[in-house]
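With the hints as constraints, model all of the structure from the sequences given.
Protein sequences appear in the order of chains A and B. Here my numbering is used: the first residue of the first sequence is 1, the next is one more, and so on. Here my numbering is used: the first residue of the second sequence is 1, the next is one more, and so on.
Each hint should be verified, as a subset may be incorrect.
Derived pair list, reagent style DSS-like, types lysine-lysine, alpha-carbon separation capped at 27 Å [what the hints assert, rightly or not]:
{"id": "1", "chain 1": "B", "residue 1": "Lys-52", "chain 2": "A", "residue 2": "Lys-107"}
{"id": "2", "chain 1": "A", "residue 1": "Lys-273", "chain 2": "A", "residue 2": "Lys-138"}
{"id": "3", "chain 1": "A", "residue 1": "Lys-209", "chain 2": "A", "residue 2": "Lys-273"}
{"id": "4", "chain 1": "A", "residue 1": "Lys-273", "chain 2": "B", "residue 2": "Lys-50"}
{"id": "5", "chain 1": "B", "residue 1": "Lys-50", "chain 2": "A", "residue 2": "Lys-107"}
{"id": "6", "chain 1": "A", "residue 1": "Lys-319", "chain 2": "A", "residue 2": "Lys-131"}
{"id": "7", "chain 1": "A", "residue 1": "Lys-253", "chain 2": "A", "residue 2": "Lys-319"}
{"id": "8", "chain 1": "A", "residue 1": "Lys-209", "chain 2": "B", "residue 2": "Lys-50"}
{"id": "9", "chain 1": "A", "residue 1": "Lys-107", "chain 2": "A", "residue 2": "Lys-253"}
{"id": "10", "chain 1": "A", "residue 1": "Lys-273", "chain 2": "A", "residue 2": "Lys-107"}
{"id": "11", "chain 1": "A", "residue 1": "Lys-209", "chain 2": "A", "residue 2": "Lys-253"}
If you want the ones that stay clear, here's a sample from chain A, every Cβ over 12 Å from chain B, calculated [claimed, not checked]:
{"id": "12", "residue": "Tyr-116"}
{"id": "13", "residue": "Val-184"}
{"id": "14", "residue": "Pro-187"}
{"id": "15", "residue": "Pro-248"}
For the chain B half of the interface with chain A, some residues (derived, Cβ under 10 Å), not all of them [claimed, not checked]:
{"id": "16", "residue": "Leu-4"}
{"id": "17", "residue": "Leu-7"}
{"id": "18", "residue": "Phe-8"}
{"id": "19", "residue": "Ile-11"}
{"id": "20", "residue": "Leu-12"}
{"id": "21", "residue": "Leu-13"}
{"id": "22", "residue": "Ser-48"}
It should be emphasised that the hints constitute simulated quantities derived from the structure, not laboratory data. Virtual Cβ for every residue (Gly too), placed ideally from N, Cα, C.
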Amino acid sequence: MFQQSHRPPSSPPLHHPIPQHPIPPMRSPPPVQQQQPLNNNPYIPRSGASEYGEGAGGAGEGRYGNLFNDTTAQVGLQVGRNAMLAGQEYVEQNFGKYFSMSMPTLKSYFNVSNNYVLRKLFLILFPWRHKPWARQMKRSEVSGTIEGYRDPRDDINAPDMYIPVMAFTTYILLSSILAGIHGVFHPEILGYIASMAFAIVIFEILGLKLGCYLLSISNESQLMDLVAYSGYKFIGVILTMIAGSFIPGLLIKYIVFLYTFSAIAFFLLRSLKYVVLPESTVNAATSMTTTQRQRQRRIQFLFMYSFLCQFVLMWLLVKS
Amino acid sequence: MFGLGRLFYVILLLINSIAVLSQDRFLTRIGWSSVTVDNGFGAADSASVKNKMISLISAVRTLMRIPLIGINTSVIIYELILG
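As structure tokens, then:
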């Protein structure tokens, strides 16, 4: 604005004032005005002055490269690193969202010790005398608020995924070995048994979920808890199969089956009580809405699941 | 025998059987219509098993109608060619 008004008197011989006014004052004068004080001004920092001088002069190629490394490249590196970190964070967030259980949650199911595994196996096979069935809460050390349940390492009542996964694998291998002993082994039998066991577990989970929906059980517990509890029955199945194949006589097989079945049914009945009957936990909202009739229905459902359903499924697993 | 494929068939047929129920001819006659659920002040009754079943049926009917067409067609073609 100021220059436009000054320009016409200073340069009268211009023939075309309209196109020349906006362009030349913006392009040519400012660099000239900047470069002159840069070279002469002693108050400008040394690095800036030397950068300009060497860049313009082209003398001292090595120092020019060094400068480039020191400032611009570092800024670029930092920007790149920040972008990488942001991208990683984004990927991790979405990864956890897609699988509905982040990796730490799944990790805590495998946080077991030798002592826990032995005690849990004993508990599954002999649950009659066990006393406290409630899971222990994990409290934060600072504020004392409840942060969820404890890991299996610290709490024997917590469901883990180690024993079910191992029992599942052992079941598949054991039935293949038994088929081999009877002389009917075929490589297909591995996939076939795995598929059948998977189907039975999925069927059980679906039935449990449907029952929870119909009885409007607010399912605070994870899906993996139910998977873990449904996988414990493979231990009884394995024991029955071993007993039935290595000890002659069908009677012993039936006795072992009935004993392991009743032990696991009792174990599930006591363990799943905190899922189905949330009155035991301190939850005012759900205990207000659950009436006596609903409670009765839920107990019936739990009984049906842990006795009838388990009986049928275990029998299917043992027979095949 | 019972495997993953068989389980898939079982689930598919069950969903088909739910989706095929007619709203006008069947569900309203036996009082399971999702339209006329009106309990007045009995708000606590909305959590009963029957109401849950009704909402489940209507949800399956609305949600699964179009996917079922595709899944059924592909299963039929598979069974015709390879079954």
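Against the structure, the hints:
Between Lys-52 (chain B) and Lys-107 (chain A) the CA atoms are separated by roughly 35 Å; this puts the pair beyond 27 Å, and the hint is violated. The hinted pair formed by Lys-273 (chain A) and Lys-138 (chain A) meets the criterion: a straight-line CA distance of about 19 Å does not exceed 27 Å. Of the pairs offered as hints, the one joining Lys-209 (chain A) and Lys-273 (chain A) holds, with about 15 Å between alpha carbons and a cut-off of 27 Å not exceeded. Taking the CA atoms of Lys-273 (chain A) and Lys-50 (chain B), the gap is about 24 Å. The hint holds against a cut of 27 Å.
About 39 Å separates the Cα atoms of Lys-50 (chain B) and Lys-107 (chain A), which puts this hinted pair outside 27 Å; it is violated. For the hint pairing Lys-319 (chain A) with Lys-131 (chain A), the CA-to-CA distance comes to about 33 Å; that exceeds 27 Å, so the pair is violated. Distance check on the hinted pair: Lys-253 (chain A) and Lys-319 (chain A) sit about 11 Å apart at the alpha-carbon level, within 27 Å; holds. Under the criterion of a C-alpha separation no larger than 27 Å, the hint pairing Lys-209 (chain A) with Lys-50 (chain B) is consistent with the structure, at around 16 Å.
A threshold of 27 Å between alpha carbons decides the hint, and for Lys-107 (chain A) with Lys-253 (chain A) the separation of about 37 Å lies outside it, so the pair is violated. For the proposed pair Lys-273 (chain A) and Lys-107 (chain A), the alpha carbon gap of about 24 Å is at most 27 Å, so the pair holds. Between Lys-209 (chain A) and Lys-253 (chain A) the CA atoms are separated by roughly 32 Å; this puts the pair beyond 27 Å, and the hint is violated. Look at Tyr-116 (chain A): its CB is around 32 Å from the nearest CB on chain B, clear of 12 Å, so calling it non-interface holds up.
Even its closest Cβ contact with chain B, about 14 Å, leaves Val-184 (chain A) beyond 12 Å, as expected for a residue assigned away from the interface. The claim that Pro-187 (chain A) lies off the interface holds: its Cβ sits roughly 16 Å from the closest Cβ of chain B, which is beyond the 12 Å cut-off. Remark: the non-interface label on Pro-248 (chain A) is consistent with the geometry, its nearest Cβ contact in chain B lying 27 Å away (cut-off 12 Å). For Leu-4 (chain B), the suggested interface contact is upheld, since its CB lies about 5 Å from the closest CB of chain A, less than 10 Å.
A cut of 10 Å between beta carbons decides the hint on Leu-7 (chain B): the least distance to chain A is about 4 Å, and the hint holds. Taking 10 Å as the C-beta cut-off, the interface hint given for Phe-8 (chain B) holds, the closest approach to chain A being about 9 Å. At a threshold of 10 Å, the smallest CB-CB gap from Ile-11 (chain B) to chain A is about 8 Å, leaving the interface hint in force. Nearest Cβ of chain A to the Cβ of Leu-12 (chain B): about 13 Å, over the 10 Å cut. The hint is violated.
Because the beta carbon of Leu-13 (chain B) sits about 14 Å from the nearest beta carbon in chain A, more than 10 Å, this interface hint is broken. Here the hint on Ser-48 (chain B) is kept, as its CB sits about 8 Å from the closest CB of chain A, short of 10 Å.
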